Amino acid sequence: MSETVALEKTDPNVVKRRIRIQEYALVGVVILLIIAGAATKPEAFLSSSNLFTVLTQASVVGVLAIGMTFVIASGGIDLSVGSLVAVAGISGGLLAGDGNGLLFIVGALLCGMLLGAVNGAFITFGRVVPFIATLAMLTIARGLALRLSGKTPISVVLLDQVRWFGNGKILGIPVPVIVFISLIVLGWVLLSRTRYGRYVVATGGNREAARIAGIRVQRITFSVYVLSGLFAGISALLISGRLASASPVAGTLYELDAIAAVVIGGTSLQGGRATMVGTFLGVITFALIFNLLNLLNLPTEFQQIVKGVIVLVAVVAQRRER
Amino acid sequence: MSEAKAPGSVLLKVTGLTKHYPGVVALNGVDFDVRSGEVHCLLGQNGAGKSTLIKTVSGLIAPTSGEITFAGEQLGTGDTHASLVRGIATIYQELDLVTDLSVSANVWLGHEAKRGPLLQLGEMVATTKKLLNRLDHGHIDPRDRVADLSPASQQIVSIARALSREVRLLIMDEPSAVLDDQEIETLFSVVRRLTAEGVGVIYISHRLDEVERIADRVTVLKDGQTVISGVPATTPPDDLVRAMVGRAPEEITTDRAPAKDELILEVRDLMLPPHVRGVSFGLKKGEILGIAGLVGSGRSELLRVMYGLEKPDSGEVLIEGRSLRHGRPDIAMAAGLGLAPEDRKSQGLLMEWNSIKNVSISDLQRFARGPLIDTGAERKAVATSLDAIGAQPGAIDRFVRELSGGNQQKVVLARWLLKSCKVLLLDEPTRGVDVGAKTEIYNVISGLAAQGLGIVMVSSELSELLGFCDRILVLRDGQCVHEAPGSSITEEEILNLVVRSEPVAARGA
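If you read the protein sequences in the order shown, they are chains A and B.
Quick note: the first sequence uses my numbering, first residue 1, plus one each step.
Quick note: the second sequence uses my numbering, first residue 1, plus one each step.
No lab work stands behind these hints, which were simulated from the structure alone.
Here the structure is a predicted model, which is why all the values come from computation and not from measurement.
We put the beta carbon where it would ideally sit given N, CA and C, even for glycine.
Zero decoy hints are in this set.
Among chain A residues calculated to face chain B with C-beta under 7 Å, some are:
| no. | residue |
| --- | --- |
| 1 | Ala202 |
| 2 | Asn206 |
| 3 | Ile212 |
| 4 | Ala213 |
| 5 | Arg273 |
Chain B stretches covered by chain A per the calculated footprint, using a threshold of three residues with CB under 8 Å from any CB of chain A:
| no. | segment |
| --- | --- |
| 6 | 334 to 341 |
| 7 | 346 to 353 |
| 8 | 364 to 375 |
Construct the complete structure from the given sequences, taking the supplied hints into account.
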């Protein structure tokens, strides 16, 4: 109780400011990375084509991270998204064959949502903890992808609509970039400006309080996994379009990149605190590091080390704020 | 039994113990002592300061002033280790056992027997067995998982754990709450065994009949002060009850229009054993119904079942004649029910959110503009609602965890005001709220009743229920043992009803 009184004298906006600080800090990191790139490789790094390359590369994991933000905000985790990308692509490819690209799209999205719903069902109705339920789905979905495809990639070269998702351009901007940015905006609106978003964060912040407030927490919990599956399906479109094939090994370990991006963005792994802007910045940070180290011809192991260090620093910074 | 024993030397002596919290004096100059080989019973209503007293003795909290000596030696305050090494062991109400570990692992937790880096499992099991034998519970296997034991046996394990260190003073906080009569008798024989060995025991209980059976001396706390200190356990129970009730309470009376003669809520034979066992009552528009009973009497569970947070085995809850579906808080809410839960922090509020979001969460549909939330309209409506309830100006933009208990409660109430619910269930609405804010909360509640809401209110503070409520329902062991108009029953009568464990009389007609 003494704490309460002391706190009442502090700034009322202190919590909001803390989230902002982390976002600003990430903006700082992004700016530093850009300066570093500009200083070391001015011509290659600062070109608009390189900017699009960064964003295009970011888009596949970025789309996953949007769905992941909702899952984590609700107090859960989804380890299966990387595998869902693969099985969604394979399902789309099998459904479409050499025929209609729209079938691929429908197949991939439905497959993602369906398996996401299986995750959600086990978590809400089977009372399996999200970590375990989605870990199981991680291996099941990967196995399904390999089995269904006979362990060989399915070519989508003939499916124009799918190729467009990878290589198309609108007004000179690559389609994956447009998809990623619009989904970020959409995700931000959904999270911060709709009833659904409030309910998701409330469920993650305090499940019992949310229940007492009349929120159907089971329904909300179920829905975030379906949403995450849907985003995995979209991600499958982007990657299959870009590589002109649906691969059963696509998306391996992407779940970890997505989680890392969400976490460094400032969304709390305990749930109840989420920021879509943070997620966007987190995704961009990782993409810039990847791009920069590539341009500098540094071996990929550096990238892995740097990524890990950033996650640690960000999480320690979050803890100190509490 | 007290006569038979020679009084031991003074083991624990507490003088002038005072503990202030902002706005609350939890202990106010408490004097108290325990001799070796005696059972000293500590009585008092909820909030009288019993828990604070034992927590200062066990070192969990540091007192504001006052002195504690143990065996003639001054005890460092606020230091659990200092208390532990001197042989002060506490068994809390909530058993603090690691239920997935074995009995022996629990007994030795924190001071395991080791040879080099390795645990001496065999030896620990053997010593545990000896301890259990000493407690006359040799049938408990030290290798059993604690989770597989009955609550009574778990209690014995807790005591064994206390004995595994050299214990000289054993503090037991309502040990009988989870036990049936026979188990209580067994517990008592264990306690007698320990006192025969010279251990001093502080025994906290709500049940007066236990005092006569086990205690040598009694101390009664009331509002943080010792009303009766260290009198023989033979003191007549009526005197003890009078001491617990204390001086004439300041009555909270509010002028309210009488309840309308229109039934708004009906509860029919609600069953969820063991907590709720066949409770029925009705509530009129504008009526305030108080529910009295001890912690564990099923008060909170009754409200939770009514609101749909728990599914009852049978029974019905009707609002305006329509039966509610069980286990669906969202439906209960839509039908006009609102709940302000006992623990605002863990159940009522989203502490990381500001007041606006906390108030509007149950009524967001109202602010829908297409798929989006009209935050301007939301803010305006919440502000009106908070103003009407008299929340601290500026509370609207604050994060609720930064608000005082009183203002947090007002945020919860503002939510249900905004939602314009018909029946409000309040579980300990003034807990953790300081004195001034309490009166305000009561004014808010009677204001809501004046608007025609039906109010069901659970409170441990009997003096507040009386005079404030139109009608009072007394619960014991999940059953309604008495029902009376608020003005026609005294605090003493209620206390007698809830603390005496006579067989529950069938409720008249």
